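Asks: With these hints in hand, go ahead and build the complete structure from the sequences.
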Amino acid sequence: MKPDLSIDIAGIKMKNPITVASGTFGYGPEYADLVDLNELGAITVKGISREPWDGNSLPRIAEVFGGMVNAIGLQNPGVEGFCEKYLPFLRNYDLPVIVNIWGKTVVDYAETARMLSDHEGIDALEVNISCPNIKEGGISFGTVPESSAEVISAVRKVTKLPIIPKLSPNVSDIKVFAKVAEEEGADAISLINTIPAMVIDIDKRRPFLANVTGGLSGPAIHPVAVKMVWEAASVVDIPVIAMGGAVDAKTVIEFLLAGATAVALGTINFRNPLTITEVVKGIENYMVKNDFESVDQIKMNF
Amino acid sequence: MKPDLSIDIAGIKMKNPITVASGTFGYGPEYADLVDLNELGAITVKGISREPWDGNSLPRIAEVFGGMVNAIGLQNPGVEGFCEKYLPFLRNYDLPVIVNIWGKTVVDYAETARMLSDHEGIDALEVNISCPNIKEGGISFGTVPESSAEVISAVRKVTKLPIIPKLSPNVSDIKVFAKVAEEEGADAISLINTIPAMVIDIDKRRPFLANVTGGLSGPAIHPVAVKMVWEAASVVDIPVIAMGGAVDAKTVIEFLLAGATAVALGTINFRNPLTITEVVKGIENYMVKNDFESVDQIKMNF
Amino acid sequence: MDIEKVIVEEHEYVGNDYSVLKFKAPIVAGVASPGQFIHLLIPRLEGSILRRPFSIYKVEGEFIYILYKAVGRGTKVLMEVRVGDKLSVMGPLGNDFPVCNEDEFPVFIAGGFGVAPLSFLAKTLPVKGHLFVGGASNCDILCIDDFEAVDCKISIATVDGSVGEQGFVTKPFMTWYKEFGKKCKPVIYSCGPDAMLRAVGEFAVANDIKCYLSLDKHMGCGIGACLACVQKVYDAEGTIVQKRVCKDGPIFSAESIVWEEE
Amino acid sequence: MDIEKVIVEEHEYVGNDYSVLKFKAPIVAGVASPGQFIHLLIPRLEGSILRRPFSIYKVEGEFIYILYKAVGRGTKVLMEVRVGDKLSVMGPLGNDFPVCNEDEFPVFIAGGFGVAPLSFLAKTLPVKGHLFVGGASNCDILCIDDFEAVDCKISIATVDGSVGEQGFVTKPFMTWYKEFGKKCKPVIYSCGPDAMLRAVGEFAVANDIKCYLSLDKHMGCGIGACLACVQKVYDAEGTIVQKRVCKDGPIFSAESIVWEEE
Ligand SMILES: Cc1cc2nc3c(=O)[nH]c(=O)nc-3n(C[C@H](O)[C@H](O)[C@H](O)COP(=O)(O)OP(=O)(O)OC[C@H]3O[C@@H](n4cnc5c(N)ncnc54)[C@H](O)[C@@H]3O)c2cc1C
Ligand SMILES: Cc1cc2nc3c(=O)[nH]c(=O)nc-3n(C[C@H](O)[C@H](O)[C@H](O)COP(=O)(O)OP(=O)(O)OC[C@H]3O[C@@H](n4cnc5c(N)ncnc54)[C@H](O)[C@@H]3O)c2cc1C
Ligand SMILES: Cc1cc2nc3c(=O)[nH]c(=O)nc-3n(C[C@H](O)[C@H](O)[C@H](O)COP(=O)(O)O)c2cc1C
Ligand SMILES: Cc1cc2nc3c(=O)[nH]c(=O)nc-3n(C[C@H](O)[C@H](O)[C@H](O)COP(=O)(O)O)c2cc1C
Ligand code: FES
Ligand code: FES
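Taken in sequence, the protein lines are chains A, B, C and D.
Position 5, counted from 1, in the first sequence is what this note's numbering calls 5; the numbers after and before it change by one each time, with no gaps.
To convert, count from 1 in the second sequence and add 302; that's this note's numbering.
To convert, count from 1 in the third sequence and add 604; that's this note's numbering.
To convert, count from 1 in the fourth sequence and add 866; that's this note's numbering.
One or more of the hints may lead you astray.
Residues on chain D that point at chain B, a partial pick, calculated with CB under 8 angstroms [claimed, not checked]:
no.: 1; residue: Gly-913
no.: 2; residue: Ile-915
no.: 3; residue: Leu-916
no.: 4; residue: Arg-917
no.: 5; residue: His-1084
no.: 6; residue: Cys-1087
no.: 7; residue: Ile-1089
no.: 8; residue: Leu-1093
no.: 9; residue: Val-1096
no.: 10; residue: Val-1099
Keep in mind that the hints were calculated from the coordinates and are not lab data.
These figures come from a predicted structure and were not determined experimentally.
Note that CB positions come from ideal geometry on N, CA and C, so glycine has one too.
Replies: Structure, rendered in structure tokens:
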């Protein structure tokens, strides 16, 4: 019997547990020539803010062993730009759309969420709380439980869309933040964002990235992400979307065993966007081999 | 002119800035057939506790992309075992000996430090504060500033040896912990320890390591370590010993540019212990090329 | 645009760290235009995740050539690729050089491996042009034959003076421009190091010459998704916007580019 | 013990995922004894840091052979190594099999690639012995020729019965032991899967037979430094201590081993 790969996250029906990580797949059209977007369980678009935002100077990326360090700086066309330019395109597909949002103040977050909620064709908001909190002197919202709570509850108040706070890995105990998210009314959580990192150009004797520091992504961070997903999933009842170094069926299945309901492919898209298809097939094979009829049976009993 | 590779850390004279990371080089004899120990700036031995300790069940290691996840569990012969079995051997070399210590209570730490201070041939104590604090329900001493302070100050009180707290990377802001160490009287700090991580065996559907979770080391963590070393070095006046994914002259020099005074090679020893020699040569070449006369000139002005 | 498993047909070292790689890539070859590039997965590159961009140098039937210089870790490992190896190629990517009119005179200004896409272009233009090519030394002067074969005039400059004029390639170009530039409706096509592109671009704008530059930025996706490779440009209304070199470029008209302080 | 850059001389696939790799390693070959292993850096293994341990199967002059089975990522990539490739080998590592006396009778009990170190051993012992070799199927029965060449008796068992007796290798061994065991002072040398080693070891202890087992644990350093590979054993005073399989082993006497619950 063909296993059933479909899942439900906070009312979003996904035909399989695979989505893409925000910022690694653009807004939809970019990869549409190479990948049949209908093969995705859902698409998660690059982070959107209230107003258009230019991001950082170049260089914005550096390759490192097992991944890359990026400091794109959240460049995006803003809510209106996104809704005009990309939403109509996305509506042509049979594809839940998760919009990743960010802000520099709590009001920014809420306002972005509110504005997006007025548009057709958005299925959920992923709330990136790993941004620097301008008011608090640049410390990330996502590393202080109270600030996380404030952002999530502000967004919760202004939208009926499912909200998915995206947790920062840059904390001592991810369980605290997973619970905060659940308590503040999140419908799901996603993790992990990139890990703060830095690359130095030894010839030029200065930081390689214009932004000095950036975030590490790719296979290098997978074992760290698996641990955090496992811990987070163990303390909340809402579903978990896992990401961080997933590159093939094996690394994706580790996340599912750890307790994730869905998994996002990120940096690997730059290497090979067709991984999406391979992974969906790989999960199916794994389910057949292990006699699983539905994705939720994969989770390990541990 | 031949550059001067020697450095001074808290009164320890090292002929070059290279040491090894605790736990990756045993207690000295293990690699002595392959590596001339006199080529090291200093040796840092595997973590020692008051009493002998058995560590975790097997499997204790798992290979991952760009490194390994280990949960050895700090197996060691205890203070007396170490001093009887290994110290006499180490005294045959022209080699500063840094003894890494750990405990499960503050008293354990202090007692271990006190006992070791009575022995000849130990040049410094590296205090591994990334161990679970048994009293506090297993949360690591190294992730709570107050607990870190308590451990460091307790060790400070019982020994005249230079002490080098080894910081955990599992914190939101490493600067806080670097400053705590300095304030409590540390002579230097070292970082980073392994990053908490987990590997799952998808065929057996259970965690790969007997201990369930472990610590990630190897090139995968290097950009994370560089960032933390850079931040820590920027807020303290005491020297920094850097580690985490250094595998060649380039990755070591990144640490020196970031502000480290010395660098420890860890996981790479398992692949190729002769890296030590190559790296020392590589630093020398770099200094010649850039007209540096002493190691402290390498630090980037940033 | 596609991702193709291609087979290495020839791999020739042409001196001074430059090599030419020829592979069979029927799909990509079928649609490639001059100025476009491929995004290549270098095999056996330890720990590496990202592809590397290379301009398309030649298309012959089902075959594609790239001309590359070993400058870093990836390109050094690329040199070890053997005939028969399979590579993963994404392409063709980016936009292409606008074709000049028959009454215009194409001027190619190239530095180092920047000559590669210009060589491809020279073959497809309706008129013969003039190549100005520069490099550090005589070994950096490449593809002269290609331009001779299409009857281009050729001027060479090297920093060390080992061949051609001594100095930057902009020197012989300026000399030429003073004498002939006003008479022949030149259209500049340029590819090479940033500093050269900027000098060429600013000169072209100042002198009102049509000019297309092929930009070089570090790339992640190569396809417009990651925003690693943006360049500030003036849009049609004169507003400064950020364009993606991989997707909206790599070819930009010189007057659109906003040059920034280094 | 040394780290040597060795050159691959032969690489032969012998069926069912097993291959024999021969390389020139004069330093290691000069000092290797049966039971010791090498720690091999598998080239072009994406993202990999650790070496892999393999028993020394044969030493011929300056050449070393290993017999390996492709079981995982590393050993699969190892199959792609070509003649002439250079590999980094650390070795010889670990202890060796104690040599039996002339009045003792060596019994080799092997499973799968565990036959490799025993084949090396059989050649060096002062007396001929008896090999009991088992595997899942006939393709897992290896090195029979080697043992025939040194006039060993041979008994085979396969789980699927495709060759030899049907069942585990312990079956023919037990049968033999009942008939001849008491008469000939057997010394057991065994290498193979954990379950087999345990069955053999416990039988030997129960029956007071000298018995040496070669253990297999995941290894980091291979040299005694990382403590990844420990095994609980009884020391001379009967206290339980942890020994490093890479350094204090891989060969342990059966009675010293503390078997633990799975
Ligand atoms: C549109 C385009 C066309 C190009 N065409 C050619 C060509 O025809 N021939 C040729 O030799 N080179 C060309 N390059 C440059 C080529 O991509 C780099 O030389 C190559 O990526 C270097 O890789 P590496 O691993 O050797 O260098 P490393 O410095 O080790 O690479 C580290 C990272 O930096 C990136 N990087 C380093 N230098 C450059 C660079 N100059 N441009 C972009 N990314 C860089 C790499 O892609 C990699 O991600 C082109 C670049 C672009 C953007
Ligand atoms: C002393 C000793 C001698 C050995 N001799 C031989 C031999 O002669 N022939 C042979 O085919 N194999 C031998 N092995 C087993 C061999 O080391 C493993 O099959 C090999 O490491 C598997 O690597 P992999 O990358 O294919 O497997 P993967 O499972 O992909 O490897 C992942 C990690 O697990 C380790 N690992 C996996 N399986 C084993 C195992 N069974 N033992 C130890 N580590 C393992 C790997 O070394 C690596 O670090 C020996 C092992 C030991 C300890
Ligand atoms: C180039 C790039 C851009 C990213 N942009 C965003 C973003 O806009 N918003 C966000 O929440 N995460 C962003 N991320 C983080 C990813 O969504 C993801 O959490 C992270 O890369 C880990 O997954 P991976 O290892 O599979 O890439 C970005 C990552 C990369 C590499
Ligand atoms: C097998 C192993 C054992 C370790 N044991 C210790 C230890 O006993 N005490 C300690 O402070 N750190 C220990 N570490 C951490 C290392 O000292 C080092 O901080 C870490 O591995 C990062 O460096 P690397 O990436 O160069 O290995 C151990 C690491 C490994 C891989
Ligand atoms: S390289 Fe990703 S947008 Fe250009
Ligand atoms: S493998 Fe490191 S101690 Fe045995």
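Asks: Take the hints in turn and mark each one as holding or not.
Replies: Quick rundown of the hints versus the structure:
| no. | hint | verdict |
| --- | --- | --- |
| 1 | Gly-913 | holds, 4 angstroms |
| 2 | Ile-915 | holds, 5 angstroms |
| 3 | Leu-916 | holds, 5 angstroms |
| 4 | Arg-917 | holds, 7 angstroms |
| 5 | His-1084 | holds, 5 angstroms |
| 6 | Cys-1087 | holds, 5 angstroms |
| 7 | Ile-1089 | holds, 5 angstroms |
| 8 | Leu-1093 | holds, 5 angstroms |
| 9 | Val-1096 | holds, 7 angstroms |
| 10 | Val-1099 | violated, 13 angstroms |
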